[in-house]
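In order, the protein sequence lines correspond to chains A and B. If you read the first sequence in the numbering used here, its first letter stands for residue 1, the second for the next number, and so on. If you read the second sequence in the numbering used here, its first letter stands for residue 311, the second for the next number, and so on.
No lab work stands behind these hints, which were simulated from the structure alone. Glycine residues also receive a C-beta, built at the ideal position from the N, C-alpha and C atoms. Please note that a few of the clues may not be correct.
Said to hold, decoys possible - Sample of chain B residues lacking proximity to chain A, with all beta carbon distances greater than 10 angstroms (derived):
#, residue
1, Asp-324
2, Asp-366
3, Gly-382
4, Gln-533
Said to hold, decoys possible - In silico PhoX-like pairs for lysine-lysine, Cα to Cα no more than 20 angstroms straight-line:
#, chain 1, residue 1, chain 2, residue 2
5, B, Lys-383, A, Lys-217
6, A, Lys-228, A, Lys-297
7, A, Lys-121, A, Lys-217
8, B, Lys-480, A, Lys-217
9, A, Lys-121, A, Lys-228
10, B, Lys-383, B, Lys-480
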Amino acid sequence: MSALPIAEVMQETALPEALSESVAARAAIQAPILPRTDVGADPPAVKWLVIAVAAGFLGLFIVLPLVCVFGQAFANGIAAYAAALTDPDTLSAIRLTLIVAAISVAVNTVFGVIGAWAIAKFEFRGKNLLITLIELPFSVSPVIAGLVFVLLFGLQGYLGPWLAGHDVKVIFALPGIALATIFVTFPFVVRELVPLMQQQGTDEEEAALSLGASGLKTFFRVTLPNVKWALLYGVLLCNARAMGEFGAVSVVSGHVRGATNTMPLHVEALYDSYQFAAAFAVSSLLALLALVTLVVKALLETRLAKESRS
Amino acid sequence: MRISVIDASKRFGDFTALDRVNLDVRSGELLALLGPSGSGKTTLLRIVAGLDWPDDGQVQFDGEDALSRPAGKRRVGFVFQHYALFRHMTVFENVAFGLRAKPRAERPGETEIRRRVDKLLDLVQLRWLAERYPAQLSGGQRQRIALARALAIEPKVLLLDEPFGSLDAKVRKGLRRWLRNLHREIHVTSIFVTHDQEEALEVADRIVVMDKGHIEQIGTPQQVYSNPQTPFVHEFIGESVVLPVFVQDNQVRFDGRPIGIVPKGMADGAATLFARPFDVTILPARAGDADLKGVVKRIHGIGPARRLEIEIGNEQASRTIEIDASRSRQWHVGQAVSVRPEQYHLFPDRL
């Protein structure tokens, strides 16, 4: 706080003399002159040292592994890379990953919007409990998440016999993988939407309703457009996690090559059978996904900043 | 349209926002709901709009039940305190929203929508901002767009929640006059909520003064100002000099001494005397007079006025009042004076 803005205010409003004196006196009490403490005042050596340490860590833990992944993927040449990616088992893993990601993103988007709506725009008992429960998947180990579904739907599980009786396969099949992935990626969309919706309040919805719009119209023309960038952001993170999930999926999948292996599981299977180049070729796809996610995320963040500002 | 609120009550948990409120709004009038925050005025407005429902009581539009109709079917234009413009739509689309939201059968065509929105933007004198987004407008412009948007559905009632609350003083004054003129022009029944008495006195045809979920008084600005019916109204509207007094033997007493005021048939007991500062005359004290005595504690002169701070009563029960006094006399600190309320209101204290 400097004295300048106060001086400006005084000029603008031309306070009576007695009053402006007291304002200045109060300002003097409120704004003691503090020594400058910004980083720029440090010697340049310190600055460069700090930057170098940060860059070193980044290089060692992020860039180097990434380079390794692509290096190993192309170790046996482009032809081997292409062959690894067009292998039927690999294609099957890619297909399964895409399907699972599509299902869990769709489910979690719908749930996320409804959940965020409920939390942000209504007051009800048990709201804090609901918020805690939604965050639960973040604090539970994915392996446990997978085991829970085996316990529920496995042959020895609570619902297993009934499902088997009706010829429905959940564990070691697509439904189980999708369920485990949905569980793990559950919080992403809600978490992005709740704070924004809370901040925006219900005024615009009420305005739309009083102007004669139906509830559905209000939702699609007012609520949803107001949070579209946050929603996309949540969907993006949800998708990245859904495609990359290993632990939970590993427990429920059964690891059948060409049938129930997702991409991360397939990478492990290839690696375990000493097909290193192929393993890294599939890994490179996941790494690429991560890079694309990163770029889109950066783009969305600028949009998002705008959304919550206006 | 005539609006009747009958015995409306509303509670939020332990808080009583409205306690059996009755109100009749005449067709075409501009009514102000005036009160401090927490008085229930916004709740009452929202109940009329259909954005809240009373726990008990009725709301009628032209004698017909309105509570069974949702907000969108009441033909109510609502202007929110913080405008609530749709942030992702242009000004034009904001105003057009109510027309586009109509069911297909009643929805006007695109050219008709354009014509009507342009007309409304002309009415609020902001047509040149049609393609801007709300974030690009000033507070006063947003307020006018919010009004144009509310008028687009040709409402039978216009409801405004603290319409000038978040504007700076200068813009507020201009908009006030503008709203008054606009109302004269379109003549739609309007209710606005405010906590600013000056605003209510200047703009409204009638004022409803509310406190703690009750209506304290309904009347024209002149009536509520000159003839307040409760102590609350007297204190809330305009400046007041307030004295705790006691009525006994057909005399009004302060600090045990009669002060030369007749209680006009009021029953004995504790009471409070209210007067406007400009209705109180200050004279140099004369021994023997049966009137209110005080001592000048401070004198400050701003502009043409000479304002005196006067302490009344003894050490135990002293009160300081501020009165504008005549400049033609000489005043000095420590001077003994007589304080004479020429016009006043006397209210028995509620037990």
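Each hint, compared with the structure:
For Asp-324 (chain B), the shortest C-beta to C-beta distance to chain A comes to about 15 angstroms, beyond the 10 angstroms cut-off, and the non-interface label holds. Distance check on Asp-366 (chain B): its Cβ is at least 21 angstroms (rounded) from any Cβ of chain A, clearing the 10 angstroms threshold; non-interface status holds. Listed as a non-interface residue, Gly-382 (chain B) fails to keep its Cβ farther than 10 angstroms from every Cβ of chain A; the least gap is roughly 4 angstroms. With 10 angstroms as the threshold on Cβ separation, the claim that Gln-533 (chain B) sits away from chain A holds: the shortest Cβ distance comes to roughly 32 angstroms.
Only pairs whose Cα atoms come within 20 angstroms are accepted, and Lys-383 (chain B) paired with Lys-217 (chain A) is accepted, the gap being roughly 15 angstroms. The suggested pairing of Lys-228 (chain A) with Lys-297 (chain A) holds, with an alpha-carbon distance near 14 angstroms, which does not exceed 20 angstroms. At roughly 17 angstroms between alpha-carbon atoms, Lys-121 (chain A) and Lys-217 (chain A) fall within 20 angstroms of each other, so this suggested pair holds. The suggested pairing of Lys-480 (chain B) with Lys-217 (chain A) is violated, with an alpha-carbon distance near 38 angstroms, which exceeds 20 angstroms.
Simply put, Lys-121 (chain A) and Lys-228 (chain A) have alpha-carbon atoms about 17 angstroms apart, close enough for the 20 angstroms limit, and the pair holds. Restraint check for Lys-383 (chain B) and Lys-480 (chain B): the C-alpha separation of about 36 angstroms exceeds 20 angstroms, so the hint is violated.
Checked against the numbered hints given earlier, this structure breaks hints 3, 8 and 10; the rest are met.
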